[in-house]
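Engineer: Put together the whole structure using the sequences plus the hints.
Here the protein sequences come in this chain order: E and F.
Going by numbering that gives the first Met the number 0, the first sequence opens with residue 0, and the numbers climb by one from there.
Going by numbering that gives the first Met the number 0, the second sequence opens with residue 0, and the numbers climb by one from there.
Everything labelled a hint here was simulated from the structure, so no lab data went into it.
Careful, some of the hints might be misleading.
Within a straight-line C-alpha distance of at most 30 Å, the following computed BS3-like cross-link-like pairs (lysine-lysine) qualify [claimed, not checked]: (1) K328/F - K197/E; (2) K197/E - K20/E; (3) K165/F - K56/F; (4) K336/F - K242/F; (5) K165/F - K49/E; (6) K6/F - K199/F; (7) K49/E - K56/F; (8) K242/F - K325/F; (9) K165/F - K52/F; (10) K199/F - K49/E; (11) K199/F - K56/F; (12) K35/E - K13/E.
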Amino acid sequence: MTREEIALAPNMPKCWNAETKPHKFCPGCGHGLALKMLGEAIDELGIQDKVVFGCDIGCSLLSWDFFNLDSVQTHHGRTTPVITGIKRARPEIIGIAYMGDGGGYAIGAQHLVNSATRNEKVTAILINNTNYGMTGGQMAPTTLPGQKTETTPYGRDPEETGYPTLGPEMVAAIAREGAYVARGSIANLRQLKKYLKKAIQNQIDGNGFSFVEVMSSCPTNWRTNAENTWNFVEKDMAEYFHVGEFKVPGQKEEK
Amino acid sequence: MSEKPVKGERRVFMTGNEVCAWAALAAEADIMYGYPITPQTDIMQYWTRLAPKYGRKFLQTEDEISAGFTTVGGVIAGKRAFSATTGPGNTLFQEPMSMAEMMRIPTVVIIPQRGGPSTATVIYSQQEVTMTTYGGNGEGFRIVYSTAGHQDLYDYTIKAFNTAWKYRFPTFVLGDGYQAKMREPLTIYDPAERGIKMVKTEPLVGLPGTPGIHRPAQYLRNTYNTEEELYDVVMEIARDYEKAASEIIEWQDFDTDAEMDVLILAHGVVSRSAQGALPLLKDEGIRAGHFRPVTLRPMPEEQMRRAAAKAKRILVVESAYGQFLKLVKQSLYGMDKPIDTLLRPGAGVTAEEIVDRIKEGR
Numbered sequence: 000m001t002r003e004e005i006a007l008a009p010n011m012p013k014c015w016n017a018e019t020k021p022h023k024f025c026p027g028c029g030h031g032l033a034l035k036m037l038g039e040a041i042d043e044l045g046i047q048d049k050v051v052f053g054c055d056i057g058c059s060l061l062s063w064d065f066f067n068l069d070s071v072q073t074h075h076g077r078t079t080p081v082i083t084g085i086k087r088a089r090p091e092i093i094g095i096a097y098m099g100d101g102g103g104y105a106i107g108a109q110h111l112v113n114s115a116t117r118n119e120k121v122t123a124i125l126i127n128n129t130n131y132g133m134t135g136g137q138m139a140p141t142t143l144p145g146q147k148t149e150t151t152p153y154g155r156d157p158e159e160t161g162y163p164t165l166g167p168e169m170v171a172a173i174a175r176e177g178a179y180v181a182r183g184s185i186a187n188l189r190q191l192k193k194y195l196k197k198a199i200q201n202q203i204d205g206n207g208f209s210f211v212e213v214m215s216s217c218p219t220n221w222r223t224n225a226e227n228t229w230n231f232v233e234k235d236m237a238e239y240f241h242v243g244e245f246k247v248p249g250q251k252e253e254k
Numbered sequence: 000m001s002e003k004p005v006k007g008e009r010r011v012f013m014t015g016n017e018v019c020a021w022a023a024l025a026a027e028a029d030i031m032y033g034y035p036i037t038p039q040t041d042i043m044q045y046w047t048r049l050a051p052k053y054g055r056k057f058l059q060t061e062d063e064i065s066a067g068f069t070t071v072g073g074v075i076a077g078k079r080a081f082s083a084t085t086g087p088g089n090t091l092f093q094e095p096m097s098m099a100e101m102m103r104i105p106t107v108v109i110i111p112q113r114g115g116p117s118t119a120t121v122i123y124s125q126q127e128v129t130m131t132t133y134g135g136n137g138e139g140f141r142i143v144y145s146t147a148g149h150q151d152l153y154d155y156t157i158k159a160f161n162t163a164w165k166y167r168f169p170t171f172v173l174g175d176g177y178q179a180k181m182r183e184p185l186t187i188y189d190p191a192e193r194g195i196k197m198v199k200t201e202p203l204v205g206l207p208g209t210p211g212i213h214r215p216a217q218y219l220r221n222t223y224n225t226e227e228e229l230y231d232v233v234m235e236i237a238r239d240y241e242k243a244a245s246e247i248i249e250w251q252d253f254d255t256d257a258e259m260d261v262l263i264l265a266h267g268v269v270s271r272s273a274q275g276a277l278p279l280l281k282d283e284g285i286r287a288g289h290f291r292p293v294t295l296r297p298m299p300e301e302q303m304r305r306a307a308a309k310a311k312r313i314l315v316v317e318s319a320y321g322q323f324l325k326l327v328k329q330s331l332y333g334m335d336k337p338i339d340t341l342l343r344p345g346a347g348v349t350a351e352e353i354v355d356r357i358k359e360g361r
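Structural biologist: As structure tokens, then:
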């Protein structure tokens, strides 16, 4: 390889589909980072031939041909049941459901709750960017108090619209032994990859439901520059949404 | 475990729901996903008692949306998956069934219709015709068998799996609460012994080999970027549907060879009242015939028109307020035939009521 080729060789996970890159997420969007960590996790686990990847509607839809993985694009909120149906029919498949906060916490909340309750042996990954990105930045279940969106133009008023959904906390509260629940952030990719790997390994081990929320960025709809985008993810979101593992199989829970 | 659930032929006296569970077993269905709703629930109850004995599976979901989407998941994983629902549950099923329509996913759903609109009754109706044939934000690329009794339920539940997997359209067995809850004598049989070969299933995801290395990855989608792209996809489905239609359509006709004073059009269990009315009408000196479409989608239009051409008048009878009537008018468009109706939404129809309606006439 020439020096230019070496310098330009993109550092892509092996299981990414290079033909569909560069991807279609906005510049500064966190989806690409989350999907990079997911790709590296799949590479490191050596499971590219076993995964079925399901993606939701919303920005997560843009991942439909992202990987060299058998993939199915579903309906808004319905990725968890589609992957559940696949896993129940073919337990040897590793099922990954990829969705946004609207898909998981609003229109598909019943599926998330009941899959967790039944301890379905699937892995759900949810991108929390505090708004509905694809439709142009409306309030999401995760929008922070006071945050301005297209449907909360004067800022989200918790009196009117409630407080942001704490997804991993909810899932950890309803899932039983065997479930793995964590919240990571694109601000700490090494940690995020560790969580994603554990969430997939937990399915491989047949323990139970695995759920990782990823705090992510949406500069297009937040209308933020690079510095403010990063501040929002690292500081504003992190104040409300706490990073960490909420449930780990075999780990003793404090009452 | 591998033993066949139905061996040879056996005369039985069963409820329609029990029949459906046995038919799904005999058809080598692998897994059922479902949510309880009357009068469908006993299909699940029989299935959950029988399935483990034959290595088949079941998942009770959180609602019918999930039941539909898990069924879709089971099918794309390559398994003969099915569900059953009715009424408001059928309403919720329209979302996953529109996905099945778009992505050519051969789901099978059994629908013992209950009263509507809304929660209505848990008893009986023919009010899910419009929804089952043309529901969802789709174009009606579905196959719908309307059964008239227990033998039909057994035969067409088995057939539904084969039609679905052969032509790759979501397929429905449209029964009703009467058939679901009534007992009738029928013959159950091993399809193989009657020369019925089950169409082989195949997975759409989870194929052998590593995607991107040994083979291309499977990308299943229902979202398209441009009008042109979508138009091409839908038109291809439409062409496939039209092509398959002539092979799929089924009907029955009774006394339609000669000229008729009246042709009774009815489907499902109401067809039996129409059949019962024919000898009574003959006694009254009225020349009557009856045409019953077995498939409501696709509709045997030519056959219905041929029968209608020989009749002075048409009488449409159904346990709904004109849902089947709409399909009839669509099929007979351009024919100059007066149409009378006997519409009893959510209520049964007897042979005598049909005779009275014809005598009061015109």
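Engineer: Please flag the earlier hints that this structure goes against, numbers listed from lowest up.
Structural biologist: Hint check: 1 fails alone, others pass.
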